[in-house]
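Trainee: Got chain A; can you put chain B on it based on the hints?
Taken in order, these protein sequences are the chains called A and B. Using our numbering, the first residue of the first sequence is number 1, and each one after it goes up by one. Using our numbering, the first residue of the second sequence is number 1, and each one after it goes up by one.
Errors might be hidden in some of the hints.
Note: identical chains are not told apart, hence a pair may lie in one copy or across any two.
Here are the simulated DMTMM-like pairs of lysine to aspartate or glutamate, each with C-alpha atoms no more than 20 Å apart in a straight line [said to hold, decoys possible]:
1) Lys-59 to Glu-75
2) Lys-107 to Asp-65
3) Lys-66 to Asp-54
4) Lys-59 to Glu-140
Worth flagging that the hints you see were computed from the coordinates, not collected in a lab. Here the structure is a predicted model, which means the values were calculated and not measured.
Protein chains: 2
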Amino acid sequence: MANPENPEFLPEFFSPVALDKAFRLLNHGPTVLVSSQHGDSVNVMAAAWSCPLDFSPPKVMVVIDKASYTRTLVEASGRFALNVPTRAMAALTLGVGSDSASDVKDKLRKHHVETFTPTPDAVPLVHGCVGWLACTVIPEPHNQSQYDLFIGEVTAAYADSRVFNAGRWCFDGRSDDLRTLHYVSGGQFLVTGESLLISG
Amino acid sequence: MANPENPEFLPEFFSPVALDKAFRLLNHGPTVLVSSQHGDSVNVMAAAWSCPLDFSPPKVMVVIDKASYTRTLVEASGRFALNVPTRAMAALTLGVGSDSASDVKDKLRKHHVETFTPTPDAVPLVHGCVGWLACTVIPEPHNQSQYDLFIGEVTAAYADSRVFNAGRWCFDGRSDDLRTLHYVSGGQFLVTGESLLISG
Numbered sequence: 001m002a003n004p005e006n007p008e009f010l011p012e013f014f015s016p017v018a019l020d021k022a023f024r025l026l027n028h029g030p031t032v033l034v035s036s037q038h039g040d041s042v043n044v045m046a047a048a049w050s051c052p053l054d055f056s057p058p059k060v061m062v063v064i065d066k067a068s069y070t071r072t073l074v075e076a077s078g079r080f081a082l083n084v085p086t087r088a089m090a091a092l093t094l095g096v097g098s099d100s101a102s103d104v105k106d107k108l109r110k111h112h113v114e115t116f117t118p119t120p121d122a123v124p125l126v127h128g129c130v131g132w133l134a135c136t137v138i139p140e141p142h143n144q145s146q147y148d149l150f151i152g153e154v155t156a157a158y159a160d161s162r163v164f165n166a167g168r169w170c171f172d173g174r175s176d177d178l179r180t181l182h183y184v185s186g187g188q189f190l191v192t193g194e195s196l197l198i199s200g
Numbered sequence: 001m002a003n004p005e006n007p008e009f010l011p012e013f014f015s016p017v018a019l020d021k022a023f024r025l026l027n028h029g030p031t032v033l034v035s036s037q038h039g040d041s042v043n044v045m046a047a048a049w050s051c052p053l054d055f056s057p058p059k060v061m062v063v064i065d066k067a068s069y070t071r072t073l074v075e076a077s078g079r080f081a082l083n084v085p086t087r088a089m090a091a092l093t094l095g096v097g098s099d100s101a102s103d104v105k106d107k108l109r110k111h112h113v114e115t116f117t118p119t120p121d122a123v124p125l126v127h128g129c130v131g132w133l134a135c136t137v138i139p140e141p142h143n144q145s146q147y148d149l150f151i152g153e154v155t156a157a158y159a160d161s162r163v164f165n166a167g168r169w170c171f172d173g174r175s176d177d178l179r180t181l182h183y184v185s186g187g188q189f190l191v192t193g194e195s196l197l198i199s200g
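For reference, chain A alone in the conformation it holds in the complex (with noise of 0.2 Å):
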């Protein structure tokens, strides 16, 4: 867990991943959470619509919506990150995916939201997650107000490498809390299964 006396401490397993390979933390479509600050202000949403855009540079895309706190910080800081959690964070997940920021001031006390930042100028990142993409908006003004749509380029990218390493996922084996969340609706997630590698 992050050490709130010091905001750089890095969590275990915290590995970075080489940018050509960082889609693969995406790939497989899960849920997100994207982390955003401008100036004192961090914030943290969730986010199921997010997905690869393309390989190198490695693009994003992802829909914030215009009535949330995180899309005032995205656009005055033109960055934010996206993050990756477990099983574990289900219920941090739905909790910042269904409360704003704008209403709840104590929103991340509220769900046991712990950010941290890798680097001294970074974005902040969301502790327990198991990968991280730090990126930088690509201004697509049209894009941003007709469908609340923001693409941005990749420019840091980590995963946990427990469950992550040379360049795939590899969950089986380890915790079933350590897995990735894909959210339906109405509460309801379903977990990241069994990996199945056919030869082409």
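Mentor: The following block gives chain B in isolation, referenced to the frame of chain A:
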């Protein structure tokens, strides 16, 4: 399975999904098959980069590479369908995602892909899948040329009632072969796993 003598033959358990629930077919981030037709040409490709974009009217987005034959058909017809394949279809999914119809003329036959049309004018859908979304392209030339990104409005949606009913996926207690797929890379899929219900 499809009846090749009767293209209008509908698969067992094929059930309409209300348009305002259509996003739930994709909300968990499955890998999809993109089917399309122009004139007599029908094609099917796999796409991991797809997700919902709006609730109502429902919209989806999907990345369709310029080099794909599907791209030609979608641009010519202005329509496509997203089909949600099952664990039993993992080899088919990998196959239609690896071969291009530009090079492999009998691609669909080679990979045992059978299609059917739920209504006479519909885009062909892929047999054996458990979710289907028929879409009309919303023209966005900049997204299409710059990012290979296509936005579609969902005009009809269907699901296999064994694993999707009352607007929810319900894989638990059914054959694992009916579970959906999430592609990673290099022939590796992650199968959709357990359902987890969190009370808000």
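Trainee: Does each hint hold? Answer for all of them.
Mentor: Checked hints:
Proximity of Lys-59 to Glu-75 under the C-alpha cut-off of 20 Å is restricted to the intra-copy arrangement: shortest distance 17 Å within a copy versus 23 Å between copies. Proximity of Lys-107 to Asp-65 under the C-alpha cut-off of 20 Å is restricted to the intra-copy arrangement: shortest distance 17 Å within a copy versus 40 Å between copies. With identical chains, the CA atoms of Lys-66 and Asp-54 are at most 20 Å apart between copies only, with a shortest distance of 13 Å across copies and 25 Å within one. With identical chains, the CA atoms of Lys-59 and Glu-140 are at most 20 Å apart both within one copy (13 Å) and between copies (19 Å).
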